[in-house]
Amino acid sequence: MKNIAVFIDGKSGQISESSQRLLVLATNWLSKNNLDNMYVFGFEPVNSEQLKEYASVVQYTHIKIPDLANHSQVFSSLLADIQQKEISQFFYVKSLLMDTIASFIANKLSLPLIANVLKIESADSAVHFTKSIFSGKATLTTEIKGDAFIGAFSKSFAIDFTNNTSNSSVSQSEITLGIDSQNKLIENHPLTGSIPLPDAAIVVGAGRGFKDPSNWGIVEDLAKEIGAATACSKPVSDLNWRPHHEHVGQTGVKIAPKLYIACGISGAIQHLAGVNGSRKIVVINNDPEAPFFKHADYGIVGDVFDVLPRLLNKLKSH
Amino acid sequence: MKILVCISVVPDTTSKITLDSSNTRINSEGLTFIVGPYDDYALSRAIEIKEQTQAELVVLHVGTADSEALIRKCLALGADSAVRIDTVAVDSYQVAQEIIQYAYDKSFDLIMMGKEAIDYNSGIVHALVAHGLGFNHFSPVMHADYDGGKLILEIETDLGKSKVSSTLPAVLGCQEPIAEWKIPSMRGIMTARTKEIAVIAPSKEKFESQITAHVVETERLQKMIPVENAESLIDILKSENLI
Ligand SMILES: Cc1cc2nc3c(=O)[nH]c(=O)nc-3n(C[C@H](O)[C@H](O)[C@H](O)COP(=O)(O)OP(=O)(O)OC[C@H]3O[C@@H](n4cnc5c(N)ncnc54)[C@H](O)[C@@H]3O)c2cc1C
Ligand SMILES: Nc1ncnc2c1ncn2[C@@H]1O[C@H](COP(=O)(O)O)[C@@H](O)[C@H]1O
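Residue numbers (my numbering), protein chains in the order written: chain A, 1 to 318; chain B, 1 to 243.
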């Protein structure tokens, strides 16, 4: 038996956008490589109808996890389940929780774990992984001999085929993990409100070109319309125009969304260090010489106070 | 108490990455190498905990002799001794196996690392080592206090931030503001000269992977859209399923 596991995430029963892409990729991989079964795991009950849209015949396992899961003893029931299902290939999109679980599985099953995967291809008795390195400045290909592995995908990975699932059926089950007796949760400060920046699939970034914090309404409106998180350059957070945790770059948050729209940001190397991992970059700046244009997929030389409202109008007219 | 700090040696963040003539490796010529910035935070905090607890502090690096000057700098900052596992580090999984192999019988209480190495950005060596040794694991850690045999930690999670208490032994992946980076003192530099850097052979346990190392610089389309047609950007982004 050659079976694969896909770990997905999401909120309130909705599968996240990157997990949707991962399911399509894994479904395609399964049929292309004549593998047997696909098992999907997640940390919430799943909406079967939504799952069927992205994957054929699956068994979904809802993993019930304690508040703190930072010790191997917590995961032993998961290991037993995986062994019983004879799973040898694992796919997930990087997150802190999944990195911990994947490291545990990698150790117990002696599987190579490859991080920040952008692309996976099968070769003669080997698998090739293209992964992002140096925060997206370059990519590298790793070859794994054999066909057992754990692939941790970067959020910005792309799929170049469409979803062609059919005859789906979903059966659901549950496993409960152990309690972490070593460690104690003292306080919890959940993120509130908007989309957390490191997780966002789309990010709108704004720089000193906006001149004044009172001009951020338009950045937020655009972000809201396309379901993006907002980011800023370092001077903007140094000036207290925006909160510190929104600043991206070498000294701030590193992002790897599928789309980054940078507005009124010059594109200094320290800023690029935090956003290079983005799959596609759009730059809007009124200075045609702004260095950011050399690192853009799409560029518009224009005034943000003219261009952004027009983009918003266009989006709203649809 | 015994503390181990694991350091990566990486090109400085502002480096332009190019390929060597074989097209399979990063060209190290002209690059400045540094101790990984997050690893430097881990080391700085480890030195403070050492001063508080009189712990023994060992620095470990998996890599070639080229890194000795940077290891020496860690000794000058206050580590008691250093170990270099003499092999070319090609992958986080391999590095983790080497660290586990070295540490499993040395009874460390605390292993501190950076949250990620800034070259391959895997962010998994600490978790792999923790599970390999059966230690607690936390990353990224923003504050770490040692108090009465326990650690009080501020950590980031996928859902926000938490404060937790952890028993030892534990492995921590560190990030700012866990400590301020330190600068070696003249005295530190002098005493570092006599401290030991033990060189040990890599374990034979190799996993069946190979880096084919075809490195390609990320390319951007650099397509300009005339400002009069700015709205067409929306159609392009929609057609590429980006929004
Ligand atoms: C050690 C170190 C670490 C650093 N770390 C970071 C980091 O993590 N992140 C970071 O961002 N920076 C960082 N910096 C700072 C970085 O070097 C730049 O100074 C910074 O990114 C510039 O921010 P900016 O582009 O918003 O501002 P500016 O450089 O002032 O650029 C503003 C841009 O807006 C454009 N503009 C002005 N008006 C308009 C308009 N009406 N419409 C359209 N465009 C307009 C201008 O043409 C210009 O290109 C760091 C610097 C150092 C030395
Ligand atoms: N070659 C190495 N030698 C020793 N420690 C390392 C090495 N590479 C990575 N590490 C440690 O592991 C952490 C995470 O690395 P990574 O998982 O590769 O991103 C780093 O911040 C270092 O503390």
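Each hint should be verified, as a subset may be incorrect.
Stated by the list, open to error - In silico DSS-like links for lysine-lysine, alpha-carbon gap of 27 Å or less:
(1) Lys2/B / Lys195/B
(2) Lys224/A / Lys223/B
(3) Lys316/A / Lys238/B
To be verified - Not the full set, but computed from the structure, chain A residues with beta-carbon under 7 Å of chain B:
(4) Ser95
(5) Asn116
(6) His189
(7) Lys224
(8) Ile226
(9) Leu259
(10) Tyr298
If you are wondering where the hints come from, they were derived from the structure by calculation, not from laboratory data.
Note that CB positions come from ideal geometry on N, CA and C, so glycine has one too.
(Q) Need the list of violated hint numbers for this structure, in ascending order. (A) 7
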